[in-house]
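Protein chains in written order, with the working numbering: chain E, 1 to 332; chain A, 1001 to 1511; chain X, 2001 to 2165.
Keep in mind the hints are simulated off the structure, nothing from the lab. A virtual CB, placed ideally from N, CA and C, is assigned to each residue, including glycine. Heads up, a few of these hints could be off.
[To be verified] DSS-like cross-link-like pairs, simulated, lysine-lysine; straight-line CA separation at most 27 Å:
{"#": "1", "chain 1": "E", "residue 1": "K153", "chain 2": "E", "residue 2": "K141"}
{"#": "2", "chain 1": "X", "residue 1": "K2154", "chain 2": "E", "residue 2": "K90"}
{"#": "3", "chain 1": "A", "residue 1": "K1136", "chain 2": "E", "residue 2": "K141"}
[Unchecked claim] If you want the footprint, here are the derived chain A segments under chain E, 3+ residues with CB under 8 Å:
{"#": "4", "stretch": "1136-1148"}
{"#": "5", "stretch": "1193-1203"}
{"#": "6", "stretch": "1318-1327"}
{"#": "7", "stretch": "1340-1351"}
{"#": "8", "stretch": "1449-1460"}
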Amino acid sequence: MKNFVRNAGFTAIAAMALATYPSVPALAQDADYPDSNISITIPTGEGGGADRDARAITKVWAKYLERNSEFSYYPGAAGQVGYEFFMKSKADGTHLMFSNIGPEVIMLELQDVPITIGEDLVYIQKTSTEPMAIWVGANSKFETLQQLIEEAKERPVTISVSRLPHPASIGMLALGEATGAEFNLIPYGGGNPTAMAAITGEVDASALPLANPITLGPEARVLGIFADENPVPDQTGNAPTVNEAAGTDLPALTSSRAFAVQASVLEEYPERVELLKKTIRETLVDPDYVAAVAAAGVPVEFIDPGDQEAAMAEAAATAELATKYRDLLTGE
Amino acid sequence: MEYDLATVSGLFGHAFSMWWIMIPAIMVGLVAGAVPGFAAHNTIIILLPLTLALNVELALTFMVSLYCASHLGGGIPAILVNIPGTGGAAATTLDGYPMTKNGQAVKALALCFVASVLGGLISSIVTLFALPMLSKVGYYIHSVEMVVVMLFGLALIASIAAQDMLKGLIAGAFGLMLGAMGADHIYATPRGTFGFLALFDGVPLVPALIGLFAISEALVMLEETTLVKQGSQSRGRVTWRESAKEVFHAFTYWWQIVWTSILGLIIGALPGAGASIASFVAYQQSLFFSKTPEKFGTGHPQGVIAPESANNGVTTGTLVPLLAIGVPGGSTAAVMMIVLQFHGVPFGPRLFVEQPQLAYGVIAVMAVSYIMMIPFMFPMVRYMSRITVISTVYLAPFIVAFTLVGAFVPRGFIFDMGVAVAFGVIGYIARKTGYHVAAILIGVILGPLIERSFLLAMRISGNDPMVMFSSTIGNVLWVMLILTLALPPLMQRRRAWLERQTPKSHAGPDA
Amino acid sequence: MTEKQAASKPVGADLILPVCAALYALYYVWSVWDFPAEAQFSGIMLAGLLLLLVTIYLIRVLRGLASGRYSMGFGDLFGPRESRRNRSVFFCLMLAALVLVPWLGFTLTTFSFLASSFIALGVRPFWRAVQIAAVGGLVGWFFFIFLLGTHFPKGPFELLVEALI
Chain E
1 MKNFVRNAGF TAIAAMALAT YPSVPALAQD ADYPDSNISI TIPTGEGGGA
51 DRDARAITKV WAKYLERNSE FSYYPGAAGQ VGYEFFMKSK ADGTHLMFSN
101 IGPEVIMLEL QDVPITIGED LVYIQKTSTE PMAIWVGANS KFETLQQLIE
151 EAKERPVTIS VSRLPHPASI GMLALGEATG AEFNLIPYGG GNPTAMAAIT
201 GEVDASALPL ANPITLGPEA RVLGIFADEN PVPDQTGNAP TVNEAAGTDL
251 PALTSSRAFA VQASVLEEYP ERVELLKKTI RETLVDPDYV AAVAAAGVPV
301 EFIDPGDQEA AMAEAAATAE LATKYRDLLT GE
Chain A
1001 MEYDLATVSG LFGHAFSMWW IMIPAIMVGL VAGAVPGFAA HNTIIILLPL
1051 TLALNVELAL TFMVSLYCAS HLGGGIPAIL VNIPGTGGAA ATTLDGYPMT
1101 KNGQAVKALA LCFVASVLGG LISSIVTLFA LPMLSKVGYY IHSVEMVVVM
1151 LFGLALIASI AAQDMLKGLI AGAFGLMLGA MGADHIYATP RGTFGFLALF
1201 DGVPLVPALI GLFAISEALV MLEETTLVKQ GSQSRGRVTW RESAKEVFHA
1251 FTYWWQIVWT SILGLIIGAL PGAGASIASF VAYQQSLFFS KTPEKFGTGH
1301 PQGVIAPESA NNGVTTGTLV PLLAIGVPGG STAAVMMIVL QFHGVPFGPR
1351 LFVEQPQLAY GVIAVMAVSY IMMIPFMFPM VRYMSRITVI STVYLAPFIV
1401 AFTLVGAFVP RGFIFDMGVA VAFGVIGYIA RKTGYHVAAI LIGVILGPLI
1451 ERSFLLAMRI SGNDPMVMFS STIGNVLWVM LILTLALPPL MQRRRAWLER
1501 QTPKSHAGPD A
Chain X
2001 MTEKQAASKP VGADLILPVC AALYALYYVW SVWDFPAEAQ FSGIMLAGLL
2051 LLLVTIYLIR VLRGLASGRY SMGFGDLFGP RESRRNRSVF FCLMLAALVL
2101 VPWLGFTLTT FSFLASSFIA LGVRPFWRAV QIAAVGGLVG WFFFIFLLGT
2151 HFPKGPFELL VEALI
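From just these sequences and the hints, can you work out the full model?
Encoded structure:
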């Protein structure tokens, strides 16, 4: 090992390196924030709806934040893995989570996850909101929601869903309860395989956020929307709301995508959070962003600049729903 | 789209004109495929800033060429150092590495390249003309049929465990048990994870593969000074003439390449089935149809051809659901979809209506990528085999250092490097005590996939086990599976009987 | 050593894997005990299959031991005696690299692991081992960190380079 240590050049480099090591974080000052790329945790897989939406927004956001974004994907245990790893990341406003409030709050509520919304993690800014929808593949024999419900009174009708802890799943269970129809929910673990099951006819129908069938174009036929009114009649063949079609009185079921930070960031770096919120809102009204959303095939009507209060209110409402349907969703 | 000579030559001509982006993509793909941990989809994600900056046609061309080349690259370390670069190349180790050990590394590499290139080329041309038919495959093969398809792959455990069936089955069942780790598919409750969050999504495949093959191989190889026993390697240096000879000789297996690549294409076209399933099934079927099944596992050329042409057949297949239906069938296609969406290009049937040039162009680019890989074959065959004469005291530390990196890359967890070492220990013990590491890996890879399809099928049927025999295609597959399992022992008995009858007869030539 | 002992096949090491597998199967079953049936089904089936196979194997081993065909030795598990020390040091270095990588970062860990392994495995002279390790570390850094920008833990070297560029 003598040669190793005596190598003067190496020693010098090592010394310099050690000298730099602790000083780098100290250099970071708030005027420079963000002084590095923003790390974005996506608690689902690459190539999914969250990935699509996150890329559309960060492309334009970079203009306002003057920083690019780097993505990490943590699918697993319905998003639990992503949430828990996010909580372990640096809490200084350089790490954000791009969440899908609906399914993820339900997951946090139903699974044994040591994270409390509000106390540990805060949704600071919504980016989009979309209602849940029931739809079938283009070759399906079902033309209307009424037909589907009638058949489901005769036999259990199979419905592909992304996962059981999901607003769309709750919607189907609630619809079944209200009409006496039996829906057998089949969780495919992700929007893409869920959609594929409906298109290829493995299941009778599918329940997913509305953007999914819309981006599928002519391959999908929307039968009903869990909302008070159809926000995008042109792009859904004028599909009725579930309540109109089934004569029920179900609450609107939506899910919002939103950015979240660890709760401690709000306390320790409030000005950073403000900067994040402000730049996100600027992005959401930027014509480039609107064009990017439209280009991805997602209706621009879904863009929703809801603030922290609105996002947290949605989370609370979703948590309440989850508690109500707990038994059906956990198989207990 | 009407196919006339002008249209087809136009498509190919246009694809060739993008050679300048295809060649770097092929080079990146070859390296990514060969380095365990880097597969096409994560390399494409890493390079997304680049692809998103290109126009959509160039971006797609870049991704598609990289993807095809990565499937070829995966076989290289599988053959030379017994380390599959990707899960799809795991079956290649079964005969590729024994060939290297026998001093036939050059031949094995030539077989791997020719099978990959020809297999990929054939399947992309078939796709170009049969896309509408292929896109229907997904409408007939649902969860029930998928279970049986994957059981074909699982049957390989029994085939490779022929030496000591009980030990082979224990290894396979252990792999399946490890594969059952992680959150269940229905309720997302974590099972058998020792409380480690990083295992909630199941055993991470790449670290498991790296541990079982690379780390354990590094530990075992240090028992000798070089990989290839002195004297068994014909010469240290390989001439151009020799490499060319081996490459041309590999074409004599053209028939096997044709059918295994089409098998790969069909499996690839199924949503959710990928290169590893295709290569296991192709290897298993080749063994079944071979006139010399006993040679498999000892360095048999057919054992290299089958998985390699199948996993390159998958490349075009995997694009079929995305192109024809608009839903990606696998992770690489999902990432490609993001790029299409980012550029505002519609996909699925609308792509064919609105931008047919792009839709058919992608498939033509695949074919052309494979054609462009041909010149790469000769130097690779010539120079790459030299790695086997490097002393193991250098090779082993390099393998460990860089494959541990590979274990880290897919998910970015230091924990996964630990998983790789743990599987390294399992792999080492398995190798030293006569359990097949490939049998463990097949279990780890196929276990969770089979469980998912099985649970989906059961849930759809309302938990009626008879659903497994409810479809015509499924039942045909079941019969074939049973034949596949039952015939070889019967044939063997018959052959032994025949040999006793006519002691002078001898085995026929290789197919 | 009697002739009979010399001819018997050592199977002690062969038992490691089945025993570990059986233990994991039992742990798995325990871990899913309170879960819904769909989450349990495949695991419990597999555990049953695995335990059955392992039991058959144990019976085979016990019969072999009884008849003297098998012995409980560890056989060739650790490989040739003369290189055992080197190889076990190499394995320990591997573990050390895992522990150190969060602090040293990718490049320095790779370099130190390579250099110390080469030396442990008998590469001489020392400078040669260090040189090759340095080239390996730098090429790795260039490819994985500089070109591909993967998120390895940063250590002194990476931070220094970042500060310089």
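Now for the hints, and whether the structure bears them out:
no.: 1; hint: E:K153 with E:K141; in the structure: holds, 16 Å
no.: 2; hint: X:K2154 with E:K90; in the structure: holds, 14 Å
no.: 3; hint: A:K1136 with E:K141; in the structure: holds, 18 Å
no.: 4; hint: 1136-1148; in the structure: holds (count 4)
no.: 5; hint: 1193-1203; in the structure: holds (count 5)
no.: 6; hint: 1318-1327; in the structure: holds (count 4)
no.: 7; hint: 1340-1351; in the structure: holds (count 8)
no.: 8; hint: 1449-1460; in the structure: holds (count 4)
In the structure shown, no violation is registered for any of the earlier numbered hints.
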